[in-house]
Every structure is written in structure tokens, then in C-alpha cells.
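A.B. asks: Let's have the full structure, built from the sequences with the hints guiding it.
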Amino acid sequence: MRTTLDSQASGTAPTVSFDPFGEPLDLARTEPCRTEPPRERAVYRVTAAAFWALALLLVGTRVYVSDVPVHQTFAAIAQTAQAGFSILR
Numbered sequence: 001m002r003t004t005l006d007s008q009a010s011g012t013a014p015t016v017s018f019d020p021f022g023e024p025l026d027l028a029r030t031e032p033c034r035t036e037p038p039r040e041r042a043v044y045r046v047t048a049a050a051f052w053a054l055a056l057l058l059v060g061t062r063v064y065v066s067d068v069p070v071h072q073t074f075a076a077i078a079q080t081a082q083a084g085f086s087i088l089r
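Heads up: the sequence shown runs through residues 1 to 89, numbered per the UniProt record's numbering.
None of these hints come from the bench; they were simulated from the model.
Treat each hint with caution, since some may be false.
Unchecked claim - What follows is a set of in silico ranges between Cβ atoms, one per label pair, in the way DEER data are often shown: (1) Leu58 x Pro37: 28 to 38 Å; (2) Gln72 x Asp19: 29 to 39 Å; (3) Ala83 x Pro24: 26 to 36 Å; (4) Glu23 x Ala76: 53 to 63 Å; (5) Tyr64 x Leu25: 18 to 28 Å; (6) Ser66 x Ile87: 24 to 34 Å; (7) Arg45 x Asp19: 30 to 40 Å; (8) Ala76 x Ala55: 14 to 24 Å; (9) Arg41 x Gln72: 35 to 45 Å; (10) Pro38 x Gln72: 42 to 52 Å; (11) Arg62 x Gly84: 23 to 33 Å; (12) Pro37 x Ala81: 41 to 51 Å.
Cβ atoms here follow ideal geometry from the backbone N, Cα and C, with glycine treated the same way.
C.D. replies: Structural data, given as C-alpha cells:
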């Protein structure tokens, strides 16, 4: 069963918030959080997409240009992982 407190019977104390340095914050003076306009979100998405496209391009280029075959690299990683798991057992 859920009970609610009666504000007149219990009295309401003002809530106090503190900043990271322990100083009390005056909640009446704080400004509400501003929301991003839709245009800023679109710019963020385009920028993030460009970043990840460039990252994938660089990784793909490095794999393509590398002298070591890809299957050999994955085999070495698998062997290292197996050795690590055998130590943990």
C-alpha cells in the first residue's frame, strides 16, 4: 500500500542542493536547462556520421595496404585470447 505525506501535517522543509565544492545552490536563481534546437541536432548527426565514415575509411585503408594478411592477424588475436583464457582457468 502506498501512502502519501500530508504537507500540512508534516511541514515542508526547503530542499537544498549543493555544488561539487559543497556550496549551497540557490534554486530560485537557477535557469532551466535549454533544449537544443533541431538544427543543432542535425549538425551533430552529420558531424558524427562524417567522423565515423572517416574512421572506417582509415581502418579499411590500413587493412588493405598492410603487408600482413587479414586472416593471419585474426589468427594471432585468437591465439592470444586463447592463451589469456587458459591463464584465467
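A.B. asks: For each hint, tell me whether it holds in the structure or not.
C.D. replies: Here's how the hints hold up against the structure:
1. Leu58 x Pro37: 28 to 38 Å: holds (32 Å)
2. Gln72 x Asp19: 29 to 39 Å: violated (55 Å)
3. Ala83 x Pro24: 26 to 36 Å: Since Ala83 and Pro24 have Cβ atoms about 55 Å apart, the given range 26 to 36 Å is violated.
4. Glu23 x Ala76: 53 to 63 Å: Holds, since Glu23 and Ala76 (Cβ atoms, about 54 Å apart) stay within the stated range.
5. Tyr64 x Leu25: 18 to 28 Å: This hint is violated: roughly 55 Å between Cβ atoms.
6. Ser66 x Ile87: 24 to 34 Å: holds (29 Å)
7. Arg45 x Asp19: 30 to 40 Å: holds (32 Å)
8. Ala76 x Ala55: 14 to 24 Å: About 23 Å separates the Cβ atoms of Ala76 and Ala55, which means 14 to 24 Å holds.
9. Arg41 x Gln72: 35 to 45 Å: holds (43 Å)
10. Pro38 x Gln72: 42 to 52 Å: Since the Cβ atoms of Pro38 and Gln72 sit about 48 Å apart, the hinted range of 42 to 52 Å holds.
11. Arg62 x Gly84: 23 to 33 Å: holds (24 Å)
12. Pro37 x Ala81: 41 to 51 Å: holds (46 Å)
Consistency note: the structure conflicts with the earlier hints numbered 2, 3, 5.
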